[in-house]
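Participant: So the chains spell out like this:
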Amino acid sequence: MNIVFHLNGEERSIETPPDKRVVDLLREEFGLTGTKESCGAGDCGACTILVDGESRLSCLMLAIQLQGRSITTIEGLERKDSIHPLQKAFAEHGAVQCGFCIPGMILASVDLLKRNPSPTRKEIRVGLAGNLCRCTGYQKIVDAVRHAAETPCRKECK
Amino acid sequence: MRRVYLPTTLDEVWSIMDREPNAVVYAGGTDLLVRLHRGLITVDGLICIERLAQIQGVKEEHDEIFIGAGTTHAELLENNVIREHLSVLVQALETLASPPIRHMGTIGGNIVNASPAGDTLPPLYVLGASLEIQSREKTRTVRIDQFISGPGQVLMTDKELLTGIRIPKPKGFGIHHFEKIGRRKSQACAIASMAALMSVSPDGMVEDIRPAWGSVGPTVVTCAEAENILRGTRLRPEILEKAASVVKKTVSPIDDIRAGADYRRVVAGNLLLRLIRYHSDGT
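Protein sequence lines correspond, in order, to chains A and B. In this text, residue positions in the first sequence follow this note's numbering: the first is 5, and each later residue adds one. In this text, residue positions in the second sequence follow this note's numbering: the first is 26, and each later residue adds one.
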């Protein structure tokens with residue numbers, strides 16, 4: 005079937021089986037491999053995307069559910085000449101080791117900061133509770149989100 | 026390729042159900058799509074009801090709160106009516122899965138899945154929730170404890186849809202309590218949980234108490250005998266111990282990957298002991 009939706013700010017139209025998982029569609033049809041699959045069951049958060057600005061799991065959505073929605077993947081956070089303040093904060097705080105969980109972690113952080121622009125460390129842990137990281141021990145991730153929250157934000161990260 | 030439908034009205038749902046009698050309904054997909062992807066179930070048609078605005082949202086109606094079955098857990102957590110009147114449900118929702126799952130999963134899905142570990146179920150039992158079940162022809166109302174008949178089992182036909190949950194505003198229950206024991210704080214299936222509504226008089230007497238346990242039986246477990254022991258007494262350790270020993274005999278847990286039956290039995294009783302925190306000697 006034909007699905008029309010906004011992907012990282014651009015209107016896209018694609019012919020796809022309606023039951024194709026969104027994570028597979030993004031990776032295979034659009035080449036957006038920043039969206040990762042790990043558990044395939046909603047436990048790990050690696051496949052997190054933003055659907056109309058809200059964090060959801062692309063391994064538990066079917067293509068038809070994209071119809072008319074606005075989707076942001078990790079690739080959509082980059083701007084022409086800059087990266088998103090959260091991406092910068094993750095890099096600067098050593099919050100990235102193997103990196104597999106980071107796209108999901110950052111998109112979940114975008115959602116968290118939209119709801120709560122100045123979260124405490126505890127609130128960050130609760131807000132990122134759906135995203136597993138096996139490398140960092142989370143401390144530096146929490147540092148990075150805290151730092152990004154404290155940094156005056158330009159329009160695009162709101 | 027499976028056929029997938031995305032209806033936006035109930036009328037469309039009834040037409041699809043007529044055309045596709047074997048199609049399976051899902052809302053958030055956080056349970057069904059996992060089972061589908063793992064090959065645990067096969068379906069040839071799916072009806073995604075996430076766009077059914079008619080069954081979303083919360084309405085305050087005099088002494089009752091009506092929750093559309095398609096309301097997500099996150100929407101409930103952010104709703105002021107729910108926060109004001111149904112603290113026991115809010116506490117349970119806060120322990121349910123994780124933020125992205127709460128953005129997707131719905132309260133109706135949690136009920137229809139009828140998992141013994143469904144986090145919203147013990148609160149809905151103690152709140153005396155009833156369910157609105159619709160078909161093209163009629164709407165019927167049934168109490169939640171008469172709707173869930175076993176693990177994953179509910180009394181509903183393929184032509185029916187759970188559309189709403191009616192909850193009487195709890196009156197006189199000053200204490201809303203929920204606790205869940207799991208392997209970790211988020212993303213954990215309950216090993217055992219307990220929801221309770223309780224009213225304690227100014228001088229410390231238990232006027233009324235309604236506890237219910239999750240994950241320690243095929244469906245939510247209640248225990249009238251324990252309630253009777255506690256009602257009309259003061260919350261003292263000996264009384265709670267006595268009631269807890271009855272609870273341990275009443276529950277019927279199983280061994281599974283998360284915990285053994287014996288452990289669950291002990292924990293179910295011990296969850297009741299926590300109510301000592303509401304002890305008051307009237308001073």
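Derived by calculation from the structure, the hints in this document are not laboratory data. Heads up, a few of these hints could be off.
One side only, chain A facing chain B, incomplete, derived with CB under 10 Å [stated by the list, open to error]: (1) 5; (2) 136; (3) 138; (4) 141.
Label pairs and their computed distance ranges (CB to CB) [claimed, not checked]: (5) 118(A) to 196(B): 51 to 57 Å; (6) 67(B) to 42(A): 21 to 27 Å; (7) 105(B) to 87(A): 33 to 39 Å.
Straight-line C-alpha distance at most 25 Å; calculated PhoX-like pairs for lysine-lysine [unchecked claim]: (8) 144(A) to 126(A); (9) 118(A) to 210(B); (10) 210(B) to 84(B); (11) 24(A) to 92(A); (12) 194(B) to 84(B); (13) 163(B) to 126(A); (14) 210(B) to 144(A); (15) 92(A) to 118(A); (16) 163(B) to 196(B).
Source: prediction; values computed, not measured. Even glycine gets a Cβ: it sits at the ideal position worked out from N, Cα and C.
Participant: Indicate, hint by hint, whether the structure satisfies it.
Facilitator: Each hint tested on the structure:
1. 5: Cβ of residue 5(A) sits 8 Å from chain B, so the hint holds.
2. 136: holds, 8 Å
3. 138: At 14 Å from the nearest chain B Cβ, residue 138(A) fails the 10 Å test, so the hint is violated.
4. 141: With a closest approach of 15 Å, the residue 141(A) hint is violated.
5. 118(A) to 196(B): 51 to 57 Å: Distance hint for residue 118(A), residue 196(B) is violated at roughly 37 Å.
6. 67(B) to 42(A): 21 to 27 Å: holds, 25 Å
7. 105(B) to 87(A): 33 to 39 Å: Roughly 37 Å apart at Cβ, these two residues keep to the hinted range, so it holds.
8. 144(A) to 126(A): holds, 14 Å
9. 118(A) to 210(B): Within the cut-off at roughly 23 Å; holds.
10. 210(B) to 84(B): Violated, at about 31 Å.
11. 24(A) to 92(A): violated, 33 Å
12. 194(B) to 84(B): holds, 12 Å
13. 163(B) to 126(A): Measuring from Cα to Cα gives roughly 48 Å; hence the hint is violated.
14. 210(B) to 144(A): With Cα atoms ~20 Å apart, residue 210(B) and residue 144(A) stay inside 25 Å; holds.
15. 92(A) to 118(A): holds, 17 Å
16. 163(B) to 196(B): Violated. Residue 163(B) to residue 196(B) sits at ~31 Å, over the 25 Å cutoff.
Checked against the numbered hints given earlier, the structure breaks hints 3, 4, 5, 10, 11, 13 and 16 and satisfies all the rest.
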